[in-house]
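Note that the sequence shown covers residues 1 to 397 in this note's numbering.
Some hints here could point you the wrong way.
Mimicking DSS-like on lysine-lysine, the simulated pairs with C-alpha atoms at most 25 Å apart in a straight line are [unchecked claim]: (1) Lys61 x Lys278; (2) Lys288 x Lys278; (3) Lys208 x Lys278.
Across the chosen pairs, the derived CB separations fall in these ranges [stated by the list, open to error]: (4) Glu18 x Glu167: 43 to 49 Å; (5) His347 x Ser242: 36 to 42 Å; (6) Asn322 x Glu364: 20 to 26 Å; (7) Asp50 x Gly231: 25 to 31 Å; (8) Gly375 x Arg273: 33 to 39 Å.
Hints listed in this document are in silico derivations from the structure and should not be mistaken for laboratory results.
Built from N, CA and C at the ideal position, the CB exists for glycine as well.
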Amino acid sequence: GKSTLVGSLVTGQADNGEGSTRGFLDVQPHEVERGLSADLSYAVYGFGDDGPVHLRNPHRKSDRARVVQESDRLVSFVDTVGHEPWLRTTIRGLVGQRLDYGLLVVAADDGPTKTTREHLGILLAMELPTVVAITKVDAVSEDRVQEVEREVERLLRDVERTPLRVERHGVEAAVEEISPSVVPVLRTSAVTMEGLDQLDAFFQRLPKTTADAREDFRMYIDRTYSVTGVGAVASGTVNSGSVEAGDELLVGPMADGSFREVEVRSIEMHYHRVDRAKTGRIVGIALKGVKESEIERGMVLLPADADPTPVRSFEADVMVLNHPTRIRDGYEPVVHLETVSEAVVFHPDGGQLLPGDTGEATVEFKFRPYLVEEGQRFVFREGSSKGVGTVTAIHED
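Starting from the given sequences, assemble the full structure and let the hints guide the process.
Structure (structure tokens):
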């Protein structure tokens with residue numbers, strides 16, 4: 001479904017009906033066997049003067065580097081997981097990356113599922129402008145496609161969003177109108193390639209959503225590696241500003257709240273060595289002055305002259321999306337904020353929060369401090385309960 005659609009978009013190749021293009025994204029052996037994506041996959045394609053710049057062989061790193069070089073405009077996909085057990089990875093993808101838009105995929109055979117609703121809820125809670133692609137329209141009757149379109153439109157209206165059918169209104173209208181409240185809906189098939197030229201035209205024209213106003217470099221670390229001969233590498237999405245090889249940075253906070261001075265050895269983007277990287281790019285940064293074992297996901301890279309405050313607890317406006325009972329003082333969910341995924345303790349003002357409620361709470365990290373700032377959004381979950389929040393104030397230690 002979803003991975004297959006993205007696979008066909010980035011290669012410009014039709015799928016054989018059995019998910020052949022999906023293999024371009026899947027990374028771990030167990031996924032290839034099951035045909036389910038379990039970790040976030042990154043795909044990229046671009047646009048030059050003559051239209052789309054496709055990947056010819058997505059498994060070759062040099063080919064991804066070629067696309068980065070040849071394109072004036074790059075579209076990167078963070079392909080998250082569509083299956084219930086891995087919702088946590090999806091939340092990580094939606095919250096931890098610097099995303100501009102959401103692409104929600106609904107299969108014409110299955111129609112909208114419980115997972116579709118959850119993903120939509122999170123996209124809307126993060127206020128990401130979203131487009132819905134109905135896939136596999138070649139596999140079902142026209143009546144069924146129309147039925148699924150109606151279900152999708154009802155689902156959107158239920159959450160006070162306005163659906164816009166691209167078939168009826170055209171790509172230009174979709175580009176003009178897309179917003180957190182207007183959601184374009186279009187039909188696609190990775191087998192017949194129906195709708196893919198519309199998606200190409202759409203992605204080519206979409207405006208970049210406004211970047212963070214701050215000029216200073218910042219990147220929350222998503223993954224860490226140790227590369228022979230290079231040392232520690234931190235990867236993630238550049239949240240703001242830009243970074244160059246040779247820059248002096250801070251990394252942290254460490255468990256004790258301190259930050260370490262490091263230097264940027266080199267930067268890679270989709271396997272292509274670059275001298276600098278700007279806001280919104282997914283990059284790997286090789287760091288001098290720190291061991292890979294000392295850095296972890298959820299830490300942040302900042303300019304050397306920054307004066308960051310490690311945060312152990314903060315105030316937040318929270319909204320409970322679903323919870324079997326009420327949330328009481330001492331509730332312990334996991335919070336996903338930027339790339340941080342950490343156990344916290346909630347202290348709701350007034351002692352409790354009911355499902356559907358919006359209220360204020362003090363949120364305290366259980367194990368270590370992180371860099372948290374006013375205005376950041378987060379998702380929290382524990383078992384089947386989920387909610388979203390916005391940081392309103394931080395407590396300085």
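Here is how each hint holds up against the structure:
no.: 1; hint: Lys61 x Lys278; verdict: holds, 21 Å
no.: 2; hint: Lys288 x Lys278; verdict: holds, 20 Å
no.: 3; hint: Lys208 x Lys278; verdict: holds, 13 Å
no.: 4; hint: Glu18 x Glu167: 43 to 49 Å; verdict: violated, 27 Å
no.: 5; hint: His347 x Ser242: 36 to 42 Å; verdict: holds, 39 Å
no.: 6; hint: Asn322 x Glu364: 20 to 26 Å; verdict: holds, 23 Å
no.: 7; hint: Asp50 x Gly231: 25 to 31 Å; verdict: violated, 40 Å
no.: 8; hint: Gly375 x Arg273: 33 to 39 Å; verdict: holds, 34 Å
Checked against the numbered hints given earlier, the structure breaks hints 4, 7 and satisfies all the rest.
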